[in-house]
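Visitor: Kindly generate the complete structure, drawing on both the sequences and the hints.
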Amino acid sequence: MAERSTAAVEVADNSGDEPPAAQAEKATTDGVAKAQDATEDERTEESGPPESAESDSGKPAKSGDAAAGPDDGKRREPRPTVAAPELHSGHKLARRYRLEECITRLDGFSSWRAVDEKLRRAVGVHLLPADHPRARSVLAAARSSALLGDPRFVQVLDAVEENDLVYVVHEWLPDATELTAILAAGPMEAHDAYQLVSQLSQAMAAAHREGLAHLKLTPGAVLRSSTGQYRIRGLAVNAALRGISAERPQRTDTEAIGALLYAALTHRWPYETDAYGLAGLPKGVGLIAPDQVRAGVHRGLSELAMRALVNEGATASRQDPPCTTPDELAKAVAEMPRVRPPEPTFAAPPEYQRTTYQQGSYARPATRPIGAPATQPVPVPPPPLQSRTGKALKWTVSALLIAVLGLASWQVADHLLNRSDGDETTQSQSTDGEQQKPPPRTPKDLKIADASVFAPDGDGVKSEDVHLATDGNAGTAWITPKYNGYANYGNLPNRKGGSGIVVDLGSVQDVYGIDVAMYRGGQKVQVLAAGEDASSPSGLSDFSQRLTELGQTGSNVKTTLDKPVRTRYVLIHITELAPESANEFRGGISEIKVIG
Numbered sequence: 001m002a003e004r005s006t007a008a009v010e011v012a013d014n015s016g017d018e019p020p021a022a023q024a025e026k027a028t029t030d031g032v033a034k035a036q037d038a039t040e041d042e043r044t045e046e047s048g049p050p051e052s053a054e055s056d057s058g059k060p061a062k063s064g065d066a067a068a069g070p071d072d073g074k075r076r077e078p079r080p081t082v083a084a085p086e087l088h089s090g091h092k093l094a095r096r097y098r099l100e101e102c103i104t105r106l107d108g109f110s111s112w113r114a115v116d117e118k119l120r121r122a123v124g125v126h127l128l129p130a131d132h133p134r135a136r137s138v139l140a141a142a143r144s145s146a147l148l149g150d151p152r153f154v155q156v157l158d159a160v161e162e163n164d165l166v167y168v169v170h171e172w173l174p175d176a177t178e179l180t181a182i183l184a185a186g187p188m189e190a191h192d193a194y195q196l197v198s199q200l201s202q203a204m205a206a207a208h209r210e211g212l213a214h215l216k217l218t219p220g221a222v223l224r225s226s227t228g229q230y231r232i233r234g235l236a237v238n239a240a241l242r243g244i245s246a247e248r249p250q251r252t253d254t255e256a257i258g259a260l261l262y263a264a265l266t267h268r269w270p271y272e273t274d275a276y277g278l279a280g281l282p283k284g285v286g287l288i289a290p291d292q293v294r295a296g297v298h299r300g301l302s303e304l305a306m307r308a309l310v311n312e313g314a315t316a317s318r319q320d321p322p323c324t325t326p327d328e329l330a331k332a333v334a335e336m337p338r339v340r341p342p343e344p345t346f347a348a349p350p351e352y353q354r355t356t357y358q359q360g361s362y363a364r365p366a367t368r369p370i371g372a373p374a375t376q377p378v379p380v381p382p383p384p385l386q387s388r389t390g391k392a393l394k395w396t397v398s399a400l401l402i403a404v405l406g407l408a409s410w411q412v413a414d415h416l417l418n419r420s421d422g423d424e425t426t427q428s429q430s431t432d433g434e435q436q437k438p439p440p441r442t443p444k445d446l447k448i449a450d451a452s453v454f455a456p457d458g459d460g461v462k463s464e465d466v467h468l469a470t471d472g473n474a475g476t477a478w479i480t481p482k483y484n485g486y487a488n489y490g491n492l493p494n495r496k497g498g499s500g501i502v503v504d505l506g507s508v509q510d511v512y513g514i515d516v517a518m519y520r521g522g523q524k525v526q527v528l529a530a531g532e533d534a535s536s537p538s539g540l541s542d543f544s545q546r547l548t549e550l551g552q553t554g555s556n557v558k559t560t561l562d563k564p565v566r567t568r569y570v571l572i573h574i575t576e577l578a579p580e581s582a583n584e585f586r587g588g589i590s591e592i593k594v595i596g
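Note that my numbering gives residue 37 to position 37 of the sequence shown, counting from 1, and the numbers run on in steps of one.
Read the hints as simulated data drawn from the structure, not as lab findings.
Think of the CB as a built atom: it goes at the ideal place given N, C-alpha and C, for glycine as much as any other residue.
Keep in mind that the hints are not guaranteed to be accurate.
Said to hold, decoys possible - Derived EDC-like pairs (lysine to aspartate or glutamate); straight-line CA-CA distance at most 20 Å:
#: 1; residue 1: 118; residue 2: 576
#: 2; residue 1: 524; residue 2: 576
#: 3; residue 1: 496; residue 2: 457
Said to hold, decoys possible - Quick list of simulated restraints, FRET-style, between CB atoms:
#: 4; residue 1: 482; residue 2: 162; range: 14 to 24 Å
#: 5; residue 1: 450; residue 2: 474; range: 15 to 25 Å
#: 6; residue 1: 186; residue 2: 96; range: 34 to 44 Å
#: 7; residue 1: 510; residue 2: 535; range: 16 to 26 Å
#: 8; residue 1: 120; residue 2: 164; range: 23 to 33 Å
#: 9; residue 1: 95; residue 2: 460; range: 24 to 34 Å
#: 10; residue 1: 296; residue 2: 227; range: 23 to 33 Å
#: 11; residue 1: 544; residue 2: 583; range: 32 to 42 Å
Guide: Here's what the structure looks like:
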């Protein structure tokens, strides 16, 4: 799960405290505020107006104004006076994480882009002194977030207190784009906005079921991958680093999702204050529906944004209840008609060019322009064979040609008559054959006769639980033990070849694909098949046919083959496990389906 600078945690962003021009000056190519020298003037510039003038979410503080929205009870602790640790590029933490670039320094902590030298991947790191007033809460928030293990969130990989420092290590996504940059390009299509609110509400509903809140869900905290999936960064950690708390966290996060949907539909921030490079609403008009701000806004999405933002009552146009929790918002999204993607547009073909011949001017005498001198006609030679001998020769040749043509015609007709019966038989057989063509193949799940642990080094992992990966129940799983320190099974000598599960189809079958539900995302997996003549394969070299490439995967490994593979044995090979918690790794498989 490599990451990049667009995935730098947004905790140091000021959530709209700065005007768009100041944000544009500090924006890097990744859309994250560039590191600043720790001078008092720059700290003042980053911190923005006083908290009494504007809240952390980019909306005005509660002052009775209609645009301010309901009081969500969110509080921010006073800014600490503890100085940020004075570290530099090249400094190494735990003999593993090498600091590369300081992204920001603020409120006594700093955020860095770093390199995990053991796993050779980019990571993000938050650093603060161990005596920082928020150090305990940051460690607790990071460890709670790491236990969630939901791939819809940027994962916390490590949370450590060491040498008077507290640091939190998180993923760094290399192919993700920050929502701030997407919104800067203009309003989103209805289908894209629908995907945004659907995925965010479902993810935050899952987090709140585990007792975790975000409280700082801004455009900078949302990333969109190249596949169109949205991921949320800074769950619980952003708020802990900034000292933010809320009396009603579910309502706070629901309003934040509503604000993001509003901005996606209108290209305006739903409060009077400008924030995140977007202009706010006009002064004094209050919170108006998105379809009244911009023409052509999807009516259902417009009402959904108002239900999430206006929590005192239902919207005026439809008497639907307000959405006060992410779970209620996710259910409201599921109940509305699905917004389909726009139809693809095709370029018009070039205009058809007619040739001179097609215009009917072929062999037409050219028209002489008025006043042009007349040309002299060219004398035409007399036709040949006009003499008496020539005429006789001409008639003789004509008679021979007629005779030859007549003979050839008779032979062709006789041949066709003789073959008519054979042609009718052939045509009948061909017609019958066409009618007897087999129907298109319908994919089906092949029956798995047996399953066993893949143990290339002679020692199996949890062999007694293998049947849980083929019992047809996705709620049960074959799960490995926890391994400390290293994702490759703790770097143990008896685990060099990894592990996994080999399924036996009972006989050689045509395999068209696989669908494997993983115990959790982030494992490094490949799927191989044994040769057609293999018998009881046990080593990696026995599986000579590749179904998927080796790489880190999400919650599912699924592929469809262009041509079927003839095999009896299929191997789901796990070479690296997913992070379970700080410095611990675990993996497994929930369910295996082989498609024939």
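Visitor: Any hints this thing doesn't respect? Which numbers, in order?
Guide: The structure conflicts with no hint, since it agrees with every one listed earlier.
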